[in-house]
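S.K.: Taking the hints into account, I'd like the entire structure generated from these sequences.
Here the protein sequences come in this chain order: A and B. Numbering follows the working numbering, in which position 215 of the first sequence is assigned residue number 215; successive positions increment by one, without gaps. For the working numbering, add 1000 to where a residue sits in the second sequence, where the first one is 1.
Bear in mind the hints are in silico, worked out from the structure with no lab data behind them. Remember, it's a predicted structure, so these values are computed and weren't measured experimentally. One or more hints might be untrue.
Interface residues of chain B toward chain A, partial, derived using beta-carbon atoms under 10 Å [claimed, not checked]:
#, residue
1, D1042
2, H1062
3, A1069
4, W1070
5, H1073
6, E1074
7, G1087
8, G1102
9, P1103
Glycine included, C-beta positions come from ideal geometry on N, C-alpha and C.
The primary structure of each chain is shown beneath.
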Amino acid sequence: MNITSLEGLVFGVDDVGACNEFLANMGLDVVERGDDGGHFLAEDGTWISIRPRADAQLPAPLETGSMLRETVYGAADTDTIEAVAKEMARDREVTRHADGSIGFYDDLGFALRICLATRKTLEVPAEVMPNIPNSTQSRGLNVIGVTPGAPAARPRTLSHVVYFVPDVALAEAFYTQRLGFRCTDRFTDVGPFLRPAGMADHHALFLIQSPPHIKGIEHFAFHMASPSQVLAAGTQMVKRGFQSFWGPGRHHFGSNWFWYFNCPMGCHAEFDADMDQHDDHWVPRATAMGPEASQAYLFQFREKWAPGGPPPNARPAS
Amino acid sequence: MGARRSAAKCPPGQLSMTVLCHISEIPVDGAIGVEPGEDGHDTIFLVRRAGHVYAYRDSCPHWPGARMAWRRHEYLDADGAHIVCHGHGALFDIETGHCLSGPCAGLSLSSLPVELTAQGLVRLLPTASAPLTSKDISK
Ligand code: FES
Ligand SMILES: [Fe+2]
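M.R.: This is how it looks when you write it as structure tokens:
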């Protein structure tokens, strides 16, 4: 099952205007934005779509009313799509769409779609590279790392999605046994981090064991090109009045830097960077979830200041 | 976004009699966040509804400490009928702070007693543990 990307997420929402406003402010490219929805792209073409909750074109909602309506993965080729269609048709209905993609529901009722992957490979801008002393790695002479007044960078690509699920074992079995996902690491009392077999990222999907009445999305994340870009994007969000939920910080599992914000789609939205990558030689780790296991370090935003000079009330020397 | 509203500053833990805002700063049937301490972000929000002001801590009972708005002052749903935690969409009754649906259904927001002075100032009352006693206000 050569699933090679997390392509997009579709939301059916109560407040289209607020959701559009939020996603535009994350730095995504605005392809469509109006009263009946919006469509937003990361730099590599991965996307988020906003539709009104009542839109009849959307797949059926979860019974909890979670606003996530469809998770779309990209396959390397049509053979993969056909292989998934055949596997799913064994025990569930598969919808074929005009663009060649297929739709179905996972064992917990989350709507999935598999399409041909559209994700583009991107150049790495020079200023993103760190200058590591006494090494061959640097961003180059006279390339500056911080450009005063520059807007925060755009998210590069959709990174991952996280579900609250009432039966983690059932969900994990579906994704690993039926769609070929791999477990990379696990919080023993919470759930597994999963990556599609054709993706190296530590996780495109993380599952959290939860009571049935909250089944739905916990958060989604976009990869930024660097930790510095996570800080810049998050700072810009705070300045614009968006509400930080957690971060900035750096996770243990996945090693990714993170900064989460509250979002009007009734979930959290994360900027991340520098996530570990794996192949099938990796042996999953397992540990109990807790503050220490969850993050390597955690910081909190504060307003800018300019320390320096004499103490504030210093009298001039006479 | 205007400048941060810092209600009369007082040391953390001594919020008694703090002036949170002037009533005219809360939109009719709307909500605002206020920062009576030195936290660098809003820690309390006020909802103005049918002649009352209701004050709650900006902390969701689902994950205590989690802030609730999606943007500064955005504590209500689109039609202003309920308080929403945008973390995971929990809905709360404006008058009681009771969670009607969502991860913390059955739990309640932490309410704070406030009064409206003759000059239209919304003040936090000293007994933080007392039940909600928002005073009548004239629109
Ligand atoms: S943190 Fe408020 S609903 Fe989850
Ligand atoms: Fe994440």
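S.K.: For each hint, tell me whether it holds in the structure or not.
M.R.: Hint check:
no. : hint  : in the structure
1   : D1042 : 8 Å, holds
2   : H1062 : 9 Å, holds
3   : A1069 : 5 Å, holds
4   : W1070 : 4 Å, holds
5   : H1073 : 8 Å, holds
6   : E1074 : 7 Å, holds
7   : G1087 : 6 Å, holds
8   : G1102 : 7 Å, holds
9   : P1103 : 5 Å, holds
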